[in-house]
Amino acid sequence: MKEYFHSVNLDKDKCRGCTNCIKRCPTEAIRVRKSKAQIINERCIDCGECIRVCPYHAKTAINDGLDIINNFKYKVVLPAPSLYGQFDKKYSRDNILFALKSIGFDYVFEVAKAAEIVSEATRQLLKNNEIKKPMISSACPAVVRLIQVRFPGLIDNIVKLESPMEVAAKIAKSEIHEKYNIPMDDIGAFFISPCAAKATSVKSPYEKQKSNVDGVIFIKDIYLKILSALNNVDNTKKLAEAGADGIDWANSGGESGALGTEKVLSVDGIHNVIKIFDEIEADRLSDIEFVEALSCTGGCLGGPLTLTNVFIAKTTQKKHMSEASKKSINGIYKRSYKDLVWTSNVEYKPVMKLDQNVSKAIEKLEMLEKLYEELPGLDCGACGSPNCRALAEDIVRGTANETDCIFKLRERIRGLAEEMVELGGKMPPVMDRDK
Amino acid sequence: MSTIKLKYEIPANDFIIAGEASSNVKNKLTQIGVSADIIKKAAISMYEAEINAVIHGNGGYAYVEIFSDKVVIKIVDSGPGIPDVEQAMQEGYSTAPDKIREMGFGAGMGLPNMKKYADKLEIYTEVGKGTTIIITVNF
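Chains R and H, in that order, are what the protein sequence lines are.
Following this note's numbering, the numbering of the first sequence begins with 1 at its first residue and continues without gaps.
Following this note's numbering, the numbering of the second sequence begins with 1001 at its first residue and continues without gaps.
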């Protein structure tokens, strides 16, 4: 099995071992051990919930750093649609793209433009009766990884089309290669990302062998640079080409809104996504052909590595959409969806399974149930597991002890203390003078 | 050979709790490592039986036993019973009152769905006394 790479990481010096992250993690992938949080790699889906909730900012995302662009002679920047919503409304999309380019890039290609191409391909897929419905968007890599570990029954529903980021990198590189006759290997494509999950999908893609993207830079890390470059923008430069349909992908409801059908559902926030997936897995969602599921509340504009409050960013994004034409100004590239189909596939990762052998797993589950019965059920997290049931599971897996529960420990101490008092009252017969 | 025995209370007319037992069983089957399509069969057929007990049966109990090769789900209610089982097995046949239908239930697919997803379906019913449904899904 391939080794797990994760962008979400822990800064041990900052972590105080509190229970905020373990309780919010949608896959119960974090434990506190030796007063530090520990991520169980196999379970982590890089959704970034822990980055968002950590009060000490100890959860970070592994960063390629801006210097990475110097590894390539010709540098392309691929801004996520969510970048536009980060700045003051007075800046136009042309301003932002110009400022971004001036930081050190030779070429800008809006991911929003590629998003329109993916929308067109999705519309083609929707018409295909052989494709399993409801189709579930693969735009959010955290959601795809959630399906991998928790919803194996939905793997066939995933839209197996490359993400706008990948499409953008591919098109930009071939455009440059053809226009300026620059060798492909000299062209580096860098994605400006609102989240850690995108960085993971570049480093270890599930849909193919190697990503077209050469590096990921987080919005929070490049924000200040863009901001200062915005002070001397050239207002005559026209760089914005994407249409409102593509820009709207940053919002929850944007991707599904571009499909031209009412039979769509859009859900955002990883815990809400889980509830909807439960419904789909149980066949209880009728008359829906496409599900747009985004890990972050509000969509990518609410990404854990963005800077502007998601609700403020939404109004700014709306402004940019109203200034754009509905579709990309050059018209989108007419191509068959087949060019975008994944060349490899996601596999079920049975991380919740207790044992490889069914009979043994049953024995373990039985033990787990008994242990759980005995635990206080307060779900306090003081043992380092997210809740009492998870502690019971950890005990069965051999990674925790019953006395890790402070209530259990106290009960034991009390029992011992009582026994000591009782023993203390007993005198050996040779010394007992009253007898 | 060890098995796991589980018991759940199904409260009458409580649509907030309805479905919790089957979703709980689904998680347990996942932990055991049962394949996704089999879990789906068990979860859907149990959900239908559970909802039936909520709507028609005045609530009741679910008894679930997980073996290494199958899961047996027994849903027991003390409701009015089913006068004509054959009729009730027909798709679209429903005796659910309007207020239940307004909530999106009572489409007459409960028993047909159980039949569709269960490997073995047993129905024991007596008018005025109640209904017991036994669903078996093989791994």
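No wet-lab data here; the hints were simulated from the structure.
It cannot be assumed that every hint is accurate.
Stated by the list, open to error - Calculated cross-link-like contacts (lysine-lysine; reagent style DSSO-like; alpha-carbon spacing at most 27 Å):
| id | chain 1 | residue 1 | chain 2 | residue 2 |
| --- | --- | --- | --- | --- |
| 1 | R | K73 | R | K89 |
| 2 | H | K1129 | R | K275 |
| 3 | R | K353 | R | K338 |
| 4 | R | K370 | H | K1115 |
| 5 | H | K1115 | R | K132 |
| 6 | R | K238 | R | K360 |
| 7 | R | K36 | R | K23 |
| 8 | H | K1040 | R | K360 |
| 9 | R | K170 | R | K237 |
| 10 | H | K1041 | R | K275 |
| 11 | H | K1040 | R | K408 |
| 12 | R | K318 | R | K23 |
| 13 | R | K160 | H | K1041 |
| 14 | R | K133 | H | K1005 |
| 15 | R | K132 | H | K1116 |
| 16 | H | K1005 | R | K408 |
| 17 | H | K1007 | R | K360 |
| 18 | R | K275 | R | K314 |
| 19 | H | K1099 | H | K1005 |
| 20 | R | K349 | H | K1115 |
| 21 | R | K263 | R | K326 |
| 22 | H | K1041 | R | K353 |
| 23 | H | K1005 | H | K1120 |
| 24 | R | K36 | R | K160 |
- Item | Violations among the numbered hints, reported as their numbers in ascending order | 1, 2, 3, 4, 6, 11, 12, 14, 19, 20 and 24
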